[in-house]
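For reference, the chains in residue letters:
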Amino acid sequence: MSAMLLAAGSAPTHEAVVFWILAPIAVIGALGLVFARSAVHAAVLLALVMLSLAAFYTAEAAPFLAVVQVVVYTGAVLMLFLFVLMLVGVDSADSLVETLRGQRVAGAFIALGFAVLLIVALAGTLGSFHSHGLAGAQGEKGNVVAIAELLFSRYVFAFEATSALLITAGLGAMVLAHRERTAPRRTQRERMLERVQRGGAALAPLPGPGVYADHDAVDTPALLPDGSVALTSVPEYLQIARVDTRADAVDRELEAGA
Amino acid sequence: MSSESVIHTPGFVPAHGVFVLTFLLVLIPALSAAVLLLGGRRTNAWGHLLGCAAPIASFVIGLVLFFSLLGKDANDRQVDQHLFSWIPAGSFRVSVSMLIDPLSAVFVLLITGVGSLIHIYSVGYMAHDPDRRRFFGELNLFVAAMLLLVLADNFLLLYVGWEGVGLASYLLIGFWTYKPTAAVAAKKAFLVNRVGDLGLSLAIMLMFTTFGSVSFRDVFGTASSAHRGTVTAIGLLLLLGACGKSAQFPLQSWLLDAMEGPTPVSALIHAATMVTAGVYLIARSHPIYDVSNDARVLVEIVGAVTLVMGAIIGCAYDDIKKVLAASTMSQIGYMMLAVGLGPGAYAIGILHLLTHGFFKANMFLGAGSVMHGMNDEVNMRRYGGLRKVMPVTFWTFAAGYLAIIGFPLTSGFFSKDKIIEAALDKGGPEGWILGLVALAGAGLTAFYMSRLMIMTFFGNRRWAKDVHPHESPSVMTSPMAVLAIGSLIAGGLLVLGGSLQHFLTPSVGKSVEVGVHTIAPAVLTALTLIVIAGGVAAAWWLVARKPVPVEQPLNVTPVTWAARRSLYGDALNESVFMRPGAYLTRALVFFDGRGVDGAVNGFAAMVGGTSARARRSQTGFARSYALSMLAGATVVTAALMIARVG
Amino acid sequence: MSPDYYLYLSAVLFTIGALGVLIRRNAIVVFMCVELMLNAVNLSLVTFSRMNGNLDGQIIAFFVMVVAAAEVVIGLAIIMSIFRSRRSTSVDDANLLKY
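Protein chains in written order, with the working numbering: chain E, 1 to 258; chain B, 259 to 904; chain D, 905 to 1003.
Honestly, I wouldn't trust all of these hints.
What the hints assert, rightly or not - Sample of chain D residues facing chain B (criterion: CB under 10 Å; computed from the structure):
# : residue
1 : 923
2 : 926
3 : 927
Stated by the list, open to error - According to the in silico footprint, chain E covers these stretches of chain D (three or more CB under 8 Å from chain E):
# : stretch
4 : 912 to 920
5 : 982 to 991
Stated by the list, open to error - Sample of chain D residues with no beta-carbon within 12 Å of chain E, all distances over it, derived:
# : residue
6 : 1000
7 : 1001
8 : 1003
It is worth saying that the hints were derived from the structure and are not from the lab. Where a beta carbon is used, it is the ideal one built from N, C-alpha and C, also for glycine.
Bound-form chain E, shown alone:
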């Protein structure tokens, strides 16, 4: 395994297999990200791409980066995206109509040209390049130790600077997301008064589900003292036929019993 990891030159077959399976998946995921209608779908597809990239890092003798990719990037950054999507609204979908004339055509054309250009340039330059592999750089120390040695000796200043950057970013997020209260916070007393004056609302706390019922599942409604079903005890989205069937079953049992 480490032989595969440390070998460079032309990649061994295992690596080729990994590449040729995951590369199309990454590309399709990227395309899906770009063309997905719902933003949440796009986020999930981005997660797919990032995970396949983590696999690539592993194949290329960069296990530390692979783990960081999964933990930081996919785990933290992408989840942050999802949280914001939640706050902004998951149904804020783009309409498919393009408002700028010719943007799609021109964009596709130029992007294609750019890709072709890059690939041709790379192919032309790298034709005779012999890749060295990381055996010399890492050797017996292992990837993490080697990175640590570099990070805390040569690049320690950049390291400290990025830590300052992270602190600043945190502060910035707090400042930006802060909402000044324009009115004082409604106290519990005020909310209660409001609720009472609104009228028509039940003043007593809602019964929990399953009280006085023969099951304590979430979708089992509670029974009121007179034996009728308290519909408000079951969450709305569960108020499907089940409630009624359960109520019917209870009625039948009661009838059977009585």
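Dock chains B and D against the given chain E, drawing on the hints supplied.
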């Protein structure tokens, strides 16, 4: 050539003693003009007095300098007063210097003497004009410029004076600014003069390239050693300038129209002085004409042609001033003929110039007096029988009349006959043609001047209803009387003992009496008198026997018809120059408006249109900017690739 | 298969991300496409580190991840505060630089 024509080189003596006053001759009238013109209405009360005092002061100084010159030895009579260096530009050095020598001295006396008399006359003539002060200011300006012209010692300074008199002439012809005809006439005079000025300025430029200098001393000193063709060209260009200023053919059309100005202006500028500037120029530049025979012959021809033209035109006009103007044109033709005859005859031309100054100014002032009494009427068909009513005017005018026709012993007798004699003495076909032309001109002169006298002072009274002719005040008649005396005796005095010719020798070369005359002088004189008598008789026959019709008769000979139209001079100018010029300017305006402006405006519109389209790319959307960024990145990558590969 | 193929893959992913930035209007999705581009670059960095035989590429990729994390934090906070006032996350809203 049977004479020497040499300026006494290098005989320019620097100014000393009383000659340091020379520059005052120009400065005093110039200062007076400045005061009067810039002072404005505040100077109205005493403006005319200052205006008269200035030329009188210059005349006094001129007399002093003249007698000082007489007192000097004949070889020392060219005094040069250097004032200051004007244009020290590399090899082109021009200084403001005054040259007082016999030629310029006689001109100074003529200009300031006759000028002073006309200034005094104007006090009375312009008495009712509210702009009288401005008149005197402009008249003084003229005197200053004319004096500068004759006193300059280099061609560039002469050109300054030349332009100055042109300006003064324009201002004075158009003096009555409310008269549109006067404005048109002033413009015409200026424009035609401009054509002549072009010749003079080209001549000056040619002089500079040929001789390296434009001062008289240098040009005349080396004229004989320069290339003959160049000297001929200079001579022809100078002739062009002279034709413009002296109203000679082909630039004669402005003189008759210039009579729109007040009569004193016509007397001073367009009879006695400015129009003689051309003759002065040619006489002064005689070394050039001595070298180039072709240019000299052309001078003669121009003079002869104009002589006849002026005489024919003068026979047909009814406007008294225009007849006198045509007469001026003709007499200057005589002067040109004289100076074109070559060395030996220059002094004769100058003699005629001086006598003409007297009698023509005299007759113009007389015409002004007649107009003054006849409510400014100029049409002679409305005159008649004024002899009894305006006797002083009649007798002074008669003196001038006798002089111009060449009545024996008057000044014109001496000067004009000498010209005819000198022309015939030239010998060969040239001499015969010119002499006979001059003789015929004398006859025509007698005819039209007699016609003028008869129509104005004799015959039936054809006055308009509200006209009450009266004699003019003495402020006007006194100058006329002085000039009348001059008309009668000046010629004789100047010719006595050949004094003028001898006096002018240092300036214009020796005047030569030819040994063998073509026709004996006595015979010639008799012949001339017969011709003159014939002219007078013809005038009496045609004009005096029947009452003069008040309406101009229309069934006349073709010659009269043409003469009434100035021998189609104006029509020719109009069709050859004016109309093509007008078409050209119209075409150029069209081209400029549509073509040039169109191109510029089209370019501006194109820029505007392009930018209006180009700015639409600024949509404001971040995504289109992102698109252009990506496109740019692609281009840069491609360029790098090509740079690597290529 | 040589490591070059990773580079081609990285180029392809990068252009897909760029295309997404051009085409999508939802600000959060655009941000996700930017993240995709960053990831593609990370992949090419790691590949280059392997090809050159030293770990500098991996170090850089590590820093890229850190900085990207900080950037996402701030960017999303901004998007949220914009959303609070405008109730819309369209990128096309900011077009005041229009001619």
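Status of the hints after comparison with the structure:
Interface restraint check for residue 923 of chain D: the shortest CB-CB distance to chain B comes to about 9 Å, inside 10 Å, so the restraint holds. Taking 10 Å as the C-beta contact cut-off toward chain B, the hint placing residue 926 of chain D at the interface holds, the least distance being around 5 Å. Hint on residue 927 of chain D holds. Least Cβ distance to chain B is approximately 8 Å, under the 10 Å limit. Coverage of a stretch by a chain is defined here by at least three residues with a beta carbon nearer than 8 Å to that chain's beta carbons; for the stretch 912 to 920 of chain D and chain E the count is 8, and the condition holds.
Counting residues of the stretch 982 to 991 of chain D whose beta carbon lies closer than 8 Å to any beta carbon of chain E gives 6, which reaches the threshold of three, so the coverage claim holds. Once the 12 Å rule is applied to beta carbons, residue 1000 of chain D is consistent with being away from chain E; the minimum gap is 16 Å. For residue 1001 of chain D, the shortest C-beta to C-beta distance to chain E comes to about 14 Å, beyond the 12 Å cut-off, and the non-interface label holds. Distance check on residue 1003 of chain D: its Cβ is at least 14 Å (rounded) from any Cβ of chain E, clearing the 12 Å threshold; non-interface status holds.
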